[in-house]
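Number of protein chains: 2
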Amino acid sequence: MSDIHNDTRLTSTEREAVQGVVDRALRASQNDDRTGIAAAIVCGEWILEIAENEVNTFGDPTKHAEMVVIAAVTEKLDRKELSDCTLISSLQPCEMCLSAMRFAGIKRVIYCAQQANVAGKYFVFPDLKIEDFERAGEAFEYIGGVSEKEVIHLYAAGDE
Amino acid sequence: MSDIHNDTRLTSTEREAVQGVVDRALRASQNDDRTGIAAAIVCGEWILEIAENEVNTFGDPTKHAEMVVIAAVTEKLDRKELSDCTLISSLQPCEMCLSAMRFAGIKRVIYCAQQANVAGKYFVFPDLKIEDFERAGEAFEYIGGVSEKEVIHLYAAGDE
Numbered sequence: 000m001s002d003i004h005n006d007t008r009l010t011s012t013e014r015e016a017v018q019g020v021v022d023r024a025l026r027a028s029q030n031d032d033r034t035g036i037a038a039a040i041v042c043g044e045w046i047l048e049i050a051e052n053e054v055n056t057f058g059d060p061t062k063h064a065e066m067v068v069i070a071a072v073t074e075k076l077d078r079k080e081l082s083d084c085t086l087i088s089s090l091q092p093c094e095m096c097l098s099a100m101r102f103a104g105i106k107r108v109i110y111c112a113q114q115a116n117v118a119g120k121y122f123v124f125p126d127l128k129i130e131d132f133e134r135a136g137e138a139f140e141y142i143g144g145v146s147e148k149e150v151i152h153l154y155a156a157g158d159e
Numbered sequence: 000m001s002d003i004h005n006d007t008r009l010t011s012t013e014r015e016a017v018q019g020v021v022d023r024a025l026r027a028s029q030n031d032d033r034t035g036i037a038a039a040i041v042c043g044e045w046i047l048e049i050a051e052n053e054v055n056t057f058g059d060p061t062k063h064a065e066m067v068v069i070a071a072v073t074e075k076l077d078r079k080e081l082s083d084c085t086l087i088s089s090l091q092p093c094e095m096c097l098s099a100m101r102f103a104g105i106k107r108v109i110y111c112a113q114q115a116n117v118a119g120k121y122f123v124f125p126d127l128k129i130e131d132f133e134r135a136g137e138a139f140e141y142i143g144g145v146s147e148k149e150v151i152h153l154y155a156a157g158d159e
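Sequences listed follow chains A and B, in order. Counted the way numbering that gives the first Met the number 0 counts, the first sequence spans residues 0 to 159. Counted the way numbering that gives the first Met the number 0 counts, the second sequence spans residues 0 to 159.
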């Protein structure tokens with residue numbers, strides 16, 4: 000049984016969503032045409048959407064899993080404000096995705112693999128850490144490293 | 000005649016693209032359904048694409064003009080690497096767009112209205128400036144404030 004089930008920092012729906020993105024990332028990583036990075040958006044007791052990285056699918060460098068899931072949920076809810084939502088990702092959100100999350104008003108982010116433990120290619124301004132972003136704008140909350148051991152092999156050497 | 004025609008820091012195609020994004024932004028701003036922010040991508044002597052902000056069109060907070068133009072050009076060229084391109088925007092790229100630009104390998108960015116002169120809403124980590132991003136990763140070049148006076152009225156109070 001994974002540690003995630005005992006992590007009281009997360010709601011039960013958030014824990015379920017973490018397991019969902021882990022499963023989706025692992026499944027995608029086994030397919031040559033897909034990329035094993037997944038993200039979800041939770042609102043209260045609902046997992047609104049789970050999406051995966053589509054950079055290689057569409058050859059579009061902006062299609063990170065977090066961007067895809069934000070676009071999908073804003074379309075589904077027909078509103079661009081997601082301040083009541085939690086973003087969950089199998090990999091620490093990069094600078095682009097953190098910023099997109101803030102534009103959507105999302106104030107809570109939970110992720111598995113942490114920047115310090117993964118390949119550099121997932122970040123483009125490596126001297127800016129999530130702590131710098133946290134200090135540089137309106138407050139947001141982040142919980143990193145949940146279920147990290149289940150996915151770290153995907154990202155440690157930058158395989159995905 | 001605008002100052003832009005005498006700005007030797009820009010290539011003639013880049014100058015033409017600046018005028019193109021200014022015109023597109025001004026035109027879009029006159030339409031209730033559109034947003035007066037535009038961006039272009041230049042490759043050598045070619046303006047590959049000019050796009051505008053589609054956040055309100057699609058209710059999707061990730062659809063900044065720069066994101067739209069990067070997605071369009073990577074699709075058009077069928078490659079996600081744009082290191083031979085210049086990104087041009089009518090408004091200083093926010094943190095999300097700067098990061099997307101770096102994922103695409105773009106190393107040169109030119110913009111009109113500068114962060115210091117526009118409403119805060121266009122940036123989500125206001126204590127991080129473009130200089131911080133420049134110092135925090137691989138080098139890129141930026142030229143801000145070109146033709147600023149032609150568009151600053153759109154952004155000074157956050158109208159667009």
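Simulated from the structure, these hints should not be mistaken for laboratory data. Worth double-checking, as some hints may not be accurate.
[Unchecked claim] DSSO-like cross-link-like pairs, simulated, lysine-lysine; straight-line CA separation at most 27 Å:
#1 B:K75 / A:K120
#2 B:K120 / B:K106
#3 A:K106 / B:K75
#4 B:K128 / B:K148
#5 A:K128 / A:K148
#6 A:K106 / A:K128
#7 A:K75 / B:K106
#8 B:K106 / B:K128
#9 B:K148 / A:K128
#10 A:K148 / A:K106
#11 A:K128 / B:K106
#12 B:K128 / A:K120
#13 B:K75 / A:K128
#14 A:K106 / B:K120
#15 A:K75 / A:K106
#16 A:K120 / B:K106
[To be verified] Facing chain A, a subset of chain B residues (Cβ under 7 Å, in silico):
#17 D59
#18 K79
#19 S82
#20 G119
#21 V123
#22 F124
#23 D126
#24 L127
#25 I129
#26 F132
#27 A135
#28 A138
#29 E140
#30 Y141
#31 G143
#32 G157
[What the hints assert, rightly or not] Some chain B residues well away from chain A (every beta-carbon gap over 12 Å; in silico):
#33 G43
#34 R107
#35 E137
Glycine included, every Cβ here is placed at the ideal spot set by N, Cα and C.
Each hint tested on the structure:
no.: 1; hint: B:K75 / A:K120; in the structure: holds, 24 Å
no.: 2; hint: B:K120 / B:K106; in the structure: holds, 25 Å
no.: 3; hint: A:K106 / B:K75; in the structure: violated, 35 Å
no.: 4; hint: B:K128 / B:K148; in the structure: holds, 21 Å
no.: 5; hint: A:K128 / A:K148; in the structure: holds, 21 Å
no.: 6; hint: A:K106 / A:K128; in the structure: holds, 17 Å
no.: 7; hint: A:K75 / B:K106; in the structure: violated, 35 Å
no.: 8; hint: B:K106 / B:K128; in the structure: holds, 17 Å
no.: 9; hint: B:K148 / A:K128; in the structure: violated, 35 Å
no.: 10; hint: A:K148 / A:K106; in the structure: holds, 25 Å
no.: 11; hint: A:K128 / B:K106; in the structure: holds, 21 Å
no.: 12; hint: B:K128 / A:K120; in the structure: holds, 22 Å
no.: 13; hint: B:K75 / A:K128; in the structure: violated, 33 Å
no.: 14; hint: A:K106 / B:K120; in the structure: holds, 16 Å
no.: 15; hint: A:K75 / A:K106; in the structure: holds, 20 Å
no.: 16; hint: A:K120 / B:K106; in the structure: holds, 16 Å
no.: 17; hint: D59; in the structure: holds, 5 Å
no.: 18; hint: K79; in the structure: holds, 5 Å
no.: 19; hint: S82; in the structure: violated, 12 Å
no.: 20; hint: G119; in the structure: violated, 10 Å
no.: 21; hint: V123; in the structure: holds, 4 Å
no.: 22; hint: F124; in the structure: holds, 4 Å
no.: 23; hint: D126; in the structure: holds, 4 Å
no.: 24; hint: L127; in the structure: holds, 4 Å
no.: 25; hint: I129; in the structure: violated, 11 Å
no.: 26; hint: F132; in the structure: holds, 5 Å
no.: 27; hint: A135; in the structure: holds, 4 Å
no.: 28; hint: A138; in the structure: violated, 12 Å
no.: 29; hint: E140; in the structure: violated, 15 Å
no.: 30; hint: Y141; in the structure: violated, 14 Å
no.: 31; hint: G143; in the structure: violated, 18 Å
no.: 32; hint: G157; in the structure: violated, 14 Å
no.: 33; hint: G43; in the structure: holds, 20 Å
no.: 34; hint: R107; in the structure: holds, 15 Å
no.: 35; hint: E137; in the structure: violated, 8 Å
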